[in-house]
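Colleague: Below, each chain spelled out in residue letters.
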Amino acid sequence: MGRSLILLAGLAIGLAAGVGGYTFVYARGGSYMTNDPAACANCHVMRPYYESWQRSSHRSVAVCNDCHTPADPVGKYVTKARNGFWHSYAFTTGDFADHMRATPRNQAIAEASCQKCHADLTDALVGVAGETPSCVRCHGAIGHPFGN
Amino acid sequence: LVNIFERQQEGRNPFYRVVDLTDETEDPAVWGRNFPFQYDSYGRTVDQVRTRYGGSEAIPRVATEADPRSVVAQSRLEDDPRLRTMWAGYAFSVDFREERGHAFMLEDQTYTERQTVAQQPGTCMHCHASVYAPYRKLGDGDLILGFERMNRMPYAEARTHVTHPVTCLDCHDPVSMRLRVTRPGFMEGIRALKASEGVPDYDVNASATHQEMRAFVCGQCHVEYYFKGPEKRLTYPWSNGGKADEILAYYDETGFADWTHAETGAPALKAQHPEFELWSQGIHARSGVTCVDCHMPYTRAGGLKVSDHHVRSPLLNINNACQVCHKWSEDELVERVYTIQDRTYQMRNVAMDALLELIADIRAGAARGAADADLTAARQAQRRAQFLLDFIEAENSMGFHAPQEAMRVLGLSLEHTRRGQVAIK
Amino acid sequence: LVNIFERQQEGRNPFYRVVDLTDETEDPAVWGRNFPFQYDSYGRTVDQVRTRYGGSEAIPRVATEADPRSVVAQSRLEDDPRLRTMWAGYAFSVDFREERGHAFMLEDQTYTERQTVAQQPGTCMHCHASVYAPYRKLGDGDLILGFERMNRMPYAEARTHVTHPVTCLDCHDPVSMRLRVTRPGFMEGIRALKASEGVPDYDVNASATHQEMRAFVCGQCHVEYYFKGPEKRLTYPWSNGGKADEILAYYDETGFADWTHAETGAPALKAQHPEFELWSQGIHARSGVTCVDCHMPYTRAGGLKVSDHHVRSPLLNINNACQVCHKWSEDELVERVYTIQDRTYQMRNVAMDALLELIADIRAGAARGAADADLTAARQAQRRAQFLLDFIEAENSMGFHAPQEAMRVLGLSLEHTRRGQVAIK
Ligand SMILES: [Ca+2]
Ligand SMILES: [Ca+2]
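Listed in order, the protein sequences are those of chains A, B and C. Every letter in the first sequence is one number past the one before it in our numbering, and letter 57, counting from 1, is 57. Every letter in the second sequence is one number past the one before it in our numbering, and letter 83, counting from 1, is 1083. Every letter in the third sequence is one number past the one before it in our numbering, and letter 372, counting from 1, is 2372.
If you are wondering where the hints come from, they were derived from the structure by calculation, not from laboratory data. Do not take every clue at face value.
Claimed, not checked - Selected chain C positions facing chain B (in silico; Cβ < 7 Å):
| hint | residue |
| --- | --- |
| 1 | ARG2343 |
| 2 | VAL2350 |
| 3 | LYS2425 |
Ideal Cβ placement from N, Cα and C applies to all residues, glycine included.
Kindly produce the complete structure, drawing on both the sequences and the hints.
Modeller: Here is the structure:
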């Protein structure tokens, strides 16, 4: 099946379901709506990240969506739909790198997520910096310790 | 009258401002009332602890009229007498010590014997005292003008205009607490450097990112410099670029020399603490890791994360300085640093022994009346070999800030020595 | 959408065994029926793509009776004619090419002109053919005995005993698929190295960790070596340690020389591909990062995670080779490698120009009848400078495997050259 066709199919159903169409159903993407990390691990390509998260200091305190979706409820589902669609599309076509990198948009979301829980602790440095410094720069391993 | 510093939406900057700070507030104790954690750690820069190549050792001495210090750092000249030969005829051959914490900067400069054997200019003050307020006062509000005026004074006179070592005011805006560059030498130096990279009219305080500022505040002083012209203007020689050989090319083009070598007559150069320049060539700089990340790492203080103002060797603070980014054990991290430093030290010694051979060869050549052309070539080689060697010798991380680059520079030093010996033998 | 269905299936499926493999199964095609992914990628080592300092370029040539190859890699001698002088009088000065993929190892060895200008021993086969089964056959089941017997044969005779380049059998146990060391040269070399570190009677296949094995399988061949004694026993010179200067000390103690330099009469040494030795001194080795992590990284084949058997330059495969550990962009990672390699290349050239000056000085010295003592000292210096330079020149990562150590070795080379010139001038 041609990529453009998949894209169309994906778009059609995807928009309806809010996330990646056929893939969505088949890959138990319904769970995309839940907060259960196992949902993300439905895709074997997510498994390494799931596993590294399980080894992270945060496994007991934060799930995928705490760090990979924005705080506000609307943005949360918009992001899920957006990622859900593109991940489903990429997964279906197999068109993605073995070692994926968060898109700038999702990097920003992950960065911002730290503040959700640590604002009190970091107010001082954030205030003086005049901008929120990158937390990931030093705490890169927080969600996923060395080696996915 | 407790007024809480204006909070942005999420309630940032929960500092209680018990006093108002202005651009005239020099005394760190006053700032300390608003920021006790930072003030306390700032005060701890009086500690003296030695590492294999860094830190410093507290050497007791009998205080005298001329030099009231009862404790100094170890003498580098006694550790390695070859330095006396390298610097023959220059003040550094009389007194050169391991550097220690910020708290000592003003007294160490005031009482070094380098002051007694030579007449030093007010320019020196730029990096050893809190000069921001004094410059502005001298310049009737104009920082640069005050800088120029103090440069021209004899050291003793300039000394009467300053009171503190580097203090809060020198790195922070008193109202926003943002980092800022207050040193004319760096403002002009970084402008020249950016220009050499094709960025015109660079204004550091307007254009630098927050991340860059975490290195620039240190680059104000931890850099190679010289005094330009009769007005002794402090100048950072970066208009060709910041690498050791680019700086050497700048000095060769301008024909500048710090002094004439007493044993060979070579137009010699002295390199000084180019931490900022060497760091810039390393993998950490390339990865956005700044001086502050390692020398003032965040630390937990009560319910806050604060920057450790006890500026010191990271080897004395591995946990905060390195382990957030590197999951290796403390011992392993120290070993990694020592492995890098030991290699650098080995090559430094090879290059220094070779340089001393060249110096001896030039003396012998002059004694037996070698051809002027050969002598001149050999002296030029000595000037260059010596500057490149000194660049790594004077840099204070023993190569850690950029391990491969440090070895490249030492290799180039050895190459100049070789050519000099070929020319004169 | 079949695509995704397959992927979920693969996700669960382990590989099937359609054929049984034994210690006699040499043909990779047979193994390929059980392991198609690995076999396919293994086959791709015929690709030739060039990077700034690595990979290789496919140069078409007219096949001849003597050399039927219609494509070879670029000549390193044409790229840098100074190598001819460094190796004057040795086979390498006649033909030396950039190395290419594993698929070519046997034919490139068979047809290099180094075979026509010199009589090579069967020992050569150790690293260019699948010798595991042939050794055991020759030794009536005894690997070491077979190794010794083939070493003593002339190359042409030994050649008739082998069929394949390195193949599955050489790195894998046919039943468990576990990694294993099959090369006597490495078994004995690593034993000597461990002994020098105080570990007696080291048996690599019994004692090595899985992680170590991921470097040892490569260390079987990517190492410095020489042929010991009349029985031409392949020997890895590690009993003093694996650093360049420790290996040089070993050769000096044993008084070994590869050949006599044609222009100076120096007892010269040739260093060859010490990737394993240099890597061992680097930060990656220290961090447990092995050859395989970068040159055979895990890759997604359908839903399976397999090791990429297309062994090649990691710069042609940055995402799998580097980005698993480094979050930098591909361009940035390539730039980091080139920055390291360019520095190494600069110092390599400085050291080589200096060496050629020394060679000229020795010739001039001999011509004007300089004192024997001086000539001997200069020739010793040439031997040492040359070996250390060649150690980095012959190493194939242009310094990347251990950037600072590579510069240290080049610096030591330059130092020997300097001393040699001082001795003879
Ligand atoms: Ca110190
Ligand atoms: Ca190659």
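Colleague: Would you mind marking each hint as holding or not holding in the structure?
Modeller: We went through each hint and held it up to the structure:
| no. | hint | verdict |
| --- | --- | --- |
| 1 | ARG2343 | holds (5 Å) |
| 2 | VAL2350 | holds (5 Å) |
| 3 | LYS2425 | holds (4 Å) |
Taken one by one, the earlier hints all hold for this structure without exception.
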